[in-house]
Amino acid sequence: MKTSNAKAFWLFVGPFLAGLAIFAYLPIGWSLLLSFFDAHNTVTPTEFVGIDNYLDMLSDGAFLQSMGTFTLFALFIVPLTFVLSLALALLVNQISFARTFFRSVFFLPTACSYVVASLIWKLSIFNGLRYGLANTVLSWFGIEPIAWTVSTDPPWYWLVLVTLRLWLQLGFYMILFIAGLQRIPQHLYEAAWIDGAKPGWQTLRHITLPQLRATSVSVVLLTLIAAYQAFDEFYNVLGSADGYPPFARPPLVYLYYTALGSGGQDFGHGSAGAVILALLIALVTLLQGRLFGFRRGE
Amino acid sequence: MSSTPLSRRGFLNAAGAVALAGAFGGLSACGSNTGRGGNGGQGLQQWYHAYGENGVQQAVERYAKAYTATPVSVQWNPGDYSSKLSTALLSGGGPDVFESTLQISMVRANQIVPLDDVIASAKDDFAATVLAGHTVDGKVYGVPQAIDMQMLFYRKSMLDKAGVKPPTTVDELIDASRRLSTGGVKGLFVGNDGGVSTLGGPALWSVGLDYVTPQHKVGFDDPAAATAIAKLRELNTSNSLLLGAVKDWSEPDAFIQGQVAMQWCGLWAVPAVQKALGDDFGVLPWPKHSGSGTPSVPVGAFGAMVNAKSKRIDEAKAFVKWLWVDRTEHQEDFNLSYGFHIPPRNSLSAKADKLKSGQAADAVRFVKEHARSSNPPDWTQAMRTAFQDALSRVVREGADASTELRGAVAKAQDELKRLYG
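So the sequence lines, in the order shown, correspond to chains A and B.
Going by this note's numbering, 394 is the number at position 242 of the first sequence; the sequence numbering is gapless.
Going by this note's numbering, 216 is the number at position 174 of the second sequence; the sequence numbering is gapless.
Calculated from the structure, these hints are not laboratory results.
Treat the hints with care, as some may be off.
Covered stretches of chain A (chain B as the covering partner; in silico rule of three or more C-beta atoms under 8 Å from a C-beta of chain B) [stated by the list, open to error]:
no., segment
1, 280 to 288
2, 302 to 315
3, 386 to 398
Using N, Cα and C, we set each Cβ at its ideal position, and we do this for glycine too.
With the hints as constraints, model all of the structure from the sequences given.
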């Protein structure tokens, strides 16, 4: 009995574990190794350079700037996503009419490819020509067309990128919140009403939000990591065949060009940057866990 | 398919992956071949990126079939060719023969072999600038296959109507752009980034500077560079540039549709522009800065190279020699029968009827007189990023040109020190 249990365990877990080892842990380990070598155009480097790559990256103004920019971006996008997806969840959870329909409608963008959505945003909604959707709307009010993804003063590209990200990810976090909302026992609300609590802000503040604590912490955590790992929509909206502009450049885009750019591959610096970024994400996550606590709400 | 502009831009700038290529490349890049070098001992394997023009794939397959000494199988690679190629070269399982622009890192990492003996018999016949783009440390690593170049297109009728002469200096160009910008038409289109990625080189060349000097020093460590870059800023603040177009500079759509009077584009667009506008357009090099500078056209060329990890280096070299050096009719057919390129060999470009008149003849003359390498082998990604970042801050955000360039010069110096000691 015992051996067949073990067999079954390995049969089911083994393939997954092997995949994880080969496609996740091995590359991570290899990348760590590369970060200590001069690895130009090779993944089997021989020239050990110690922590030189790390020092280079930490004194690289462009890399530091991209990390700074995306810390700001996180400070902005995390609360925004949180509030909006929670609001959506509360609304959708409350209506009695066509609830499944609305839930699906808001969730659907999550299934859309980032690349496809980026192209729609860039080429059709926010293109800089007169007949772009956004510019057509502006023209009704007599406003001149704006080059959305190009203009740096004011930086309209943030409007494009933020609306795109919100559209893509709100639905997903909304579903998380709905799941959390449905786990709150109805009798808590009933007890509160009997005790005289008014429905609305009072119940939200004292019952719903505390009960959602575990979900909230996960949502903040996931949006935070996603903010630092931004790549797809930025690369596709602002990048071109000729490169990526220095503004709104996510750390991953910068590292991508460092490691795999066309003028030669530099895996040493690229890997060092990736490790630094991973450490930063881990640090911020731990800090956030310390502040809000994962388990306290349960 | 949408690979025409992508392959063009890749062709000229080899500037890495692009949205569409990245998105669809993964899906479409499955050829029938496994991509392993040596092909199981059956023959040579040769890689091309996907050319946009009809018939090129059949043509290169026909050339390969005509080679009798060794069997050659051709692999056509749609999507993000440069990433795919560099990965293949890294893994040791790449093709024996392939086309690429030359980067010094490929030489330093011993990924390709010198082809001096292959090209020796015809070396003087190849256009010098193009050959220089395939040379590192005095050795030739790629046999140029086809020249592509960028230049300025202008609408004759629009200039006439506005009483504007084709500009011969940068100031005249800015002035023309301003005066041509009327009634919903913009004066000039140089790319959605305001020319940051296209005009950095032309700006340096317009004042007689360059990316990197032949002595391996930074070529734009000079006050004149800041002056030249400041002109791009002036252009961007003239309110006469088209920005945010659906198709970027490498496609002539904005020009053809009359959204602009002038556009920075390339030789490849000539057939489409001719078809749409007939003879109502002219072409120019990027003008000189003022009296003392020089006009320029950026040129680039894919060259045939031999993988140093191939098990059949000698056979591969013999094939490249046969295909691109001995048999000139292949180069002629390849350049002139499908799209619109200039053969790298002077003897061929001189006798091509298609290149003897009109805008094409102008383009050939520009290449002869004003060609500059759009992507020199020792202009690395780190230098490019630093330079373009500086340019972008100046041109798009109004930062101080000399301060920004200082940072780019320092970065380029570090890189050159790493490369040449």
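Against the structure, the hints come out as follows:
| no. | hint | verdict |
| --- | --- | --- |
| 1 | 280 to 288 | holds (count 4) |
| 2 | 302 to 315 | holds (count 4) |
| 3 | 386 to 398 | holds (count 9) |
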